[in-house]
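Asks: Listed below are the residues making up each chain.
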Amino acid sequence: MSDAKPVRTDTLTWKLLPALPFVALIAGWSIYWLIARPPVGTLPPAWAVTEALWQLAADGELLQNTLASLGRLLLGTTVGVVTGVVGGFLVGLNRRAADFLNPLVVFFNAISGIVWLPLMIGWLGIGTALVVFLIWNTVFFLVFQNTVLGVRLVPPVLEQSVETLGGSRLHIILNVTLPGALPYILSGIRSGLGFGWRALIAAELVGATVGLGQMIFRAAEFHRADIIIAGCLVIGLLGVLMDRYLLAPIEKHTIERWGLVTPSRGI
Amino acid sequence: MTMTAVSAPAAAGAPPRRPSPLASGLLGAGKFLAPFAAVVALWWAIKAGFDLPDRILVSPYQVLVTFWNLLSRGVLADYAATSLYQIGVAVVVSAVVGIPLGFAIGSNAYVARALGLFLRFFQGVSGISWLPLAIIWFGFTDTTVQVIVVYTLVVPVIFNTMLGVRAIPPSYALALRSLGAGTFRVVKDVYLPGALPSIVVGLRLGMGYGWRALIAAEMLIRQGGLGDLIFGARTFGQIDRIICGMIAIGVLYVVVDRLIVQPIENLTVARWGVLRK
Amino acid sequence: MDATSPDKIIVEGFQHFFETADGPVQATGLIDLKIPAAEFVTLVGPSGCGKTTLLKAIAGFITPTRGRIVCDGKTVTGPGRDRGVVFQELAILPWRTVRRNIGHGLEIAGVPKAERERTVARLVALTGLKGFEDRYPHELSGGMRQRVAVARTWAADPDIILMDEPFAAVDAMTRLTLQEELASLTFSTRKTVFFITHSVDEAVFLADRVLVMSKRPGRIKASIEVPRRKAGGRDWESFTTDPEMQAICEQVLRLVRDERMDGAARPGETPDPLKEAS
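Chains A, B and C are the protein sequences, given in the same order.
Residue 257 in full-length UniProt numbering sits at position 257 of the first sequence; the count goes up by one each step and never skips.
Residue 137 in full-length UniProt numbering sits at position 137 of the second sequence; the count goes up by one each step and never skips.
Residue 72 in full-length UniProt numbering sits at position 72 of the third sequence; the count goes up by one each step and never skips.
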């Protein structure tokens, strides 16, 4: 229980503990493989995955597919963030618009993303436009809803205090509302990027001719489990890297610096 | 501004005007439906204005007819039942697996240390990415869909259970222990009720993610379910069926989320007086 | 009302109602009030009597239901930089450093950077914030944050300053210092100040004149002159030992206490101010 005595964090056991499940997984996998000898197409040995990864990297296939996926993600997320933030401000600052749009947001949010795939294949065809649309549709709602919430939760007293200093409406929106809502906007972008990445993979499975999603889906047809597992590793790794090196630094230099999200906020 | 002033003398001291329940109910329904009416009107205008053929866009009326056909012949209920059954099973499995695991991670530093990175890594690889591998292992079957949905759903359940357990002030448990309570009683009287609101939040989030993963998986596996309905309709260019399916997906999600899950969440949160921002 | 009137703030036939789900609720009674230039007026009264409503109306955040408010000969229609406000809650911007918070009003007014820096430096020195110019608010103590808020208002150099319990959230020791600093600051800069407080001591200590408000819907029930605001301000030692000042404190306290007694004497009354009036 959390009322237990404090743990010693300087022991070797403690340091190696996170590796345990990974080691266990790979060991179990290898042992099973050596005993049961399943077909390589169904379950390759762990080392074959490394080989497949190397192969994909060497012949440039991995790079080509990764670039295609990242390009789409960048485009879809950018459009999603811009439309989401602008829309979120318009709605967050305007009760009437919010009341009108809320039912639509609830409904379209429920079918956001991949649900549009069948309809949009007919309209946009298979390819980048389709994938970008699905990413946009996923990212937009996350950013939009967080922005609306953030705008609403900016303490009115901050806006009023700048108003008494003579600040215009635009000045207040840019200097008070925007930074005040930033913690929510960033958390919207953060989950937007995460879910956009998921939507991208899902969309690429059938909605594209190139990309990481398409790469692993095609591998399934040829019973190349090694390529699939290698692809999944790359997908997971890229997702984590983007979060850590793209978004975490932005948060560090803004909302954390301003003391908006540190636990020791106090009064 | 934050406060609305009553518009000048006439209103001052005037009796409160409150509309009858029926009138306010109608007003509420109208307010709710008006935006949808606007969307349908726009849709109709686009259809008529650009004179689009049915394989590009059908009229709202056509969708209504198809919807009625699908409904009256039980087709829609059939596909919807498959999807709802799948998500229901996934919720139960995830709760059974995820809640104890979340408790273990939340209450034991060693378990947390051991599983933290592992879980984060697998959370980074979305459920749908494992679909090709699941297809190789389980074929184009319900099992494949089930695996993907549980994989997606279980992580938020684990994570939120952990958060709920960690958020309980240690003094609650200490107070009970000082009264002579054993571990079982502490878990039953402190940790379970204390973490419950957070667990419900986790299940609700997980259901949202799982529902989307379910639709995506059904599209590719084609063994029934609403995802199968809309993706199958695409093969034959039946735009009306696709839109019907999309509406069903949206409505079912909103109904389940708002009418079943949210009330449970509100109940637990309100009852325990746990404030959430 | 012409601009040559000696009164800086004039409240005429003011009365305010809030719209609630149960219909309009009276927030204040009928209030008439005149504050001459360079006067420091404090307002005390029981919770929920409408003190803040009156201040917000003078600030221009709410439009009076009845009556009007005239500042410097002009009817108030909205917030403006002629009337600075120091709020009870922390109202400085967390994403601006101390320097940029204090200079914010000047920045809005388009004052060139060099001049802005000079003004900021002067106020930083005056409010004892030297060495903290480049800190963010969350890195300061509560008392220092409130100093930044005061400095920001002074930097914009409004003639009128409205303060709504600015020291309520500050610890007791810091509060004493801040009060003394405010007393000397307002005296040297000859601002017209309208100051709301719960504390009778604070009200008498700071003021040229103390106004006492009745319970909701509040009206001004007494106005008490406080003599001897000496050059250089006051300090708490001489204040607490001055029998004349203590007599005024007692008088104000009695007036405020009467209001509370009246309120408590009414049977079946709920403490919720909204319910009370409906």
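None of these hints come from the bench; they were simulated from the model.
Among the hints, erroneous ones may be present.
List time: in silico EDC-like cross-link candidates among lysine to aspartate or glutamate, alpha-carbon distance up to 20 angstroms [what the hints assert, rightly or not]:
(1) K130(C) with E117(C)
(2) K31(B) with D99(A)
(3) K113(C) with E139(C)
(4) K34(C) with D72(C)
(5) K34(C) with E107(C)
(6) K252(A) with E12(C)
(7) K252(A) with D134(C)
(8) K74(C) with E12(C)
(9) K113(C) with E89(C)
Asks: All hints are to be evaluated individually against the structure, with a verdict given for each.
Replies: Now the hints, each set against the structure:
Proximity of K130(C) to E117(C) is assessed by CA-CA distance (about 13 angstroms); at most 20 angstroms being required, the pair is judged to hold. For the hint linking K31(B) to D99(A), the alpha-carbon distance of about 8 angstroms falls within 20 angstroms, and the restraint holds. Between the alpha carbons of K113(C) and E139(C) the distance comes to roughly 25 angstroms, so the proposed pair goes past 20 angstroms and is violated. Between K34(C) and D72(C), the direct Cα distance comes to roughly 11 angstroms. Compliance with the 20 angstroms bound is thereby established for this hinted pair.
This hinted pair does not check out: K34(C) and E107(C) have alpha carbons roughly 32 angstroms apart, beyond 20 angstroms. Simply put, K252(A) and E12(C) have alpha-carbon atoms about 51 angstroms apart, too far for the 20 angstroms limit, and the pair is violated. The hinted pair formed by K252(A) and D134(C) meets the criterion: a straight-line CA distance of about 18 angstroms does not exceed 20 angstroms. Distance check on the hinted pair: K74(C) and E12(C) sit about 13 angstroms apart at the alpha-carbon level, within 20 angstroms; holds.
With a C-alpha separation of about 29 angstroms, the suggested pairing of K113(C) with E89(C) is violated against the 20 angstroms cut-off.
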